[in-house]
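Colleague: Chains W and F supply the protein sequences, listed in that same order.
All residue numbers for the first sequence refer to numbering that gives the first Met the number 0, where the first residue is 0 and numbers rise by one.
All residue numbers for the second sequence refer to numbering that gives the first Met the number 0, where the first residue is 0 and numbers rise by one.
These are calculated hints, taken from the structure and not from any lab test.
Don't take each hint at face value.
Residues on chain W that point at chain F, a partial pick, calculated with CB under 8 Å [as the list claims (entries may be wrong)]:
id : residue
1  : Leu28
2  : Leu31
3  : Phe41
4  : Tyr140
5  : Val146
6  : Gly147
7  : Gln213
8  : Phe215
9  : Arg219
10 : Gly221
11 : His238
12 : Asp257
13 : Leu258
For every residue, glycine included, the Cβ atom is placed at its ideal position computed from N, Cα and C.
If you want the building blocks of each chain, they are given just below.
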Amino acid sequence: MIKHLLQGKPLRLPLHAILVHAPIGLFTLSLLLDIGSHFVSFEGLYSGAFYCIVGGVVTGLVAAIPGLVDYTDIRRDHPAKKKARWHMGLNILMLAIYAFDGWIRYQDLYPLQTPPLPFALSIAGFVILSVSGYLGGAMIYDDGIGVGRHRRRTETPKETLGIAVPPQRGAEGALRFVPIVDAELLHEGETLRVEIGDVVVVIAKSDGEVFAFQEFCTHRFGPLSEGRVEHGIVQCPWHRSCFEMRTGKVVQGPAKVDLKTYPVEVREGKICIALSSVAAPASSR
Amino acid sequence: MVRLSFWAIVLGLFATLIAIPTGLIDWLQIKKEKPARKIGLLHMGLNLVVVALFVANAKMRLSGFRFDSEVETGQLVLSIVGVVLLAVSAWLGGMMVYDYGIGVARHSKKKWRTVAQNAGANVPDAK
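Chain F extracted, bound-state conformation (with noise of 0.2 Å):
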């Protein structure tokens, strides 16, 4: 179990790398007024919070990780810190999405133009 959760927060690690370049530029394409980018903005600072209390968490597991076999109390808080805090940033994340609709029809807005124009609505001047 020591190992196996060493091993999780490592592969946890690696997988910000790809999801830090995109969400940077999600996060750039919401115009400066709008209130989802202050959002986004903590989103990210407690990201990046998140990183590095999980980055400290693995060195202090570096060194016992193969043979302890059971969490030393510090890296066990830091870890339900750490969760707790992702938590919090995750939910900021689903707002900017399920409340403020960011990246919503992005890419279907063609489609449902199409749709709206044949439904007989009124619909902007193409771009």
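Just chain W, with the same shape it has in the complex (with noise of 0.2 Å):
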């Protein structure tokens, strides 16, 4: 519940995405009021600058928070979880900065022009910022981390569960089943994101039915194991494309193309999947 406040789910969009123009918007002001200063001679222009710096960094580390809350929510091994990494470690070098910045600034509010000292660390940390900023849409806009989350009623996966392909037994282009996880560890509405071999494969459970298919969208490409899982249909977080999940069916664009689906059995208490169209990844057809 405190997770879902802090990601914004109610709002519909990312809190951490609304908080971050508060200390972006503040460290900007500061800069140009120390340019400023350097041009006109009004007084104000620096202590101006200084009461910005001291918001930013509030509400820089207030920012902080569900921005953390939304690292830890980014599957394992996602592309975007090292930009978050960085985007993470910037943004505290140059929360430092600015700390630091303000501080020298405090012991002597009444300059006309900002001094090179402050001037510099305040170059330096709006630099950091806006690699920093420039890394945090690269996730959104990119990688699409955050897009469509809301309407995703349980957790999406941490982790992709990696299965090697098993040697071919039996005869040529037989089914072949092959084990993947304990079938009572997939709850309803939930999903798994499975790699095998190189085929990337989702797992679904959709009243009471396990269903397999492709992870990616056929639109953009979007990562369906975060879509919503309802009533045997999936949609793409996205762009709202909704697909079939028995047939693969699309059911609503911007998807035009069907999806890839996979024999699914529950053998033993396993959800076990067919092999012979998975075992061919794309580049050996």
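Combine the two chains into a complex, taking the hints into account.
Modeller: Dropping the structure here:
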């Protein structure tokens, strides 16, 4: 519940992405005031920049809390996890620089022009903020982190289960069922992300039935393992394409191409996926 | 403080000069029948109102901002109304991204297509 609030689910958008506007705006304004103090000699530009920095550090620390929660929610093997770590590290460095900057400025608030040391610190802080902000944006717009997350009712997979392809037995082309996990581990509305050899498959449970289909949406390749699963339908978190999980058929666009599906069976309490269709990755076809 | 908020308003207005054309282009790329197109229109309308309010606000402050020690009530009310409208409009902007996926994977879809293909997925024919 608290996690949902910190992620901003009631607002239908990530709380972290809302809150960061405060430190970004305040640090930007402080730098502009510093620059301004070198062109016009108005009193109050320098002290104004100081107040902006203090406000920026405080709001930055507040924004870090939902940011950390969002970080823990990214799948461990997701490419955005690395970006998130850099984003976090740079932001900690940036806040430390600004805190030091603010402390130096606090010693004397009344120069008309921003002196070289605090000015240099602010420029360094701003450069790091820009890089880090770009990484934050890339996580959203390139990797879709946080997009459509509020529609998902259950926890998303925290890792990809790696399954080795067993050696071929029996007739060529026959279905080979590969055991994946205990069936009781998968609950209603939940998904698993499984990698068998090179092939990435979602296993989902809806209305008591288990389905297996390709991980990537056929529109812009959003992660279906993070989509909403309900009444035999999976909805892509990114642009709301809907697919029938049994057949892979598109129920609602923007996607136009059907999903690849895989035969699933529960054998001896384990969810098994048929491999003949799974075994050949795209590269070897 | 009076001076600081005046400068903040002026700089905010300058920043809109960059934000308006980029926003307009993004909006024009949304297909006409999509719900996000309407949200975008509302987002744009509200933002234009906010800009107009802050332009008026800055004009009212112009004569006194250097020596006044307190912001006049009328100006304060204008600022509050402006910020509230801005928050509503920003929420709509957020809806377009996080709820409707506008701009998501616009630049990265080639990368994701390769990832999906290598993972054995059906993908549409490349355009």
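Colleague: Decide, hint by hint, whether the structure agrees.
Modeller: Evaluation of the provided hints:
{"no.": "1", "hint": "Leu28", "result": "holds (6 Å)"}
{"no.": "2", "hint": "Leu31", "result": "holds (5 Å)"}
{"no.": "3", "hint": "Phe41", "result": "holds (7 Å)"}
{"no.": "4", "hint": "Tyr140", "result": "holds (6 Å)"}
{"no.": "5", "hint": "Val146", "result": "holds (5 Å)"}
{"no.": "6", "hint": "Gly147", "result": "holds (7 Å)"}
{"no.": "7", "hint": "Gln213", "result": "holds (4 Å)"}
{"no.": "8", "hint": "Phe215", "result": "holds (4 Å)"}
{"no.": "9", "hint": "Arg219", "result": "holds (4 Å)"}
{"no.": "10", "hint": "Gly221", "result": "holds (7 Å)"}
{"no.": "11", "hint": "His238", "result": "holds (4 Å)"}
{"no.": "12", "hint": "Asp257", "result": "holds (7 Å)"}
{"no.": "13", "hint": "Leu258", "result": "holds (6 Å)"}
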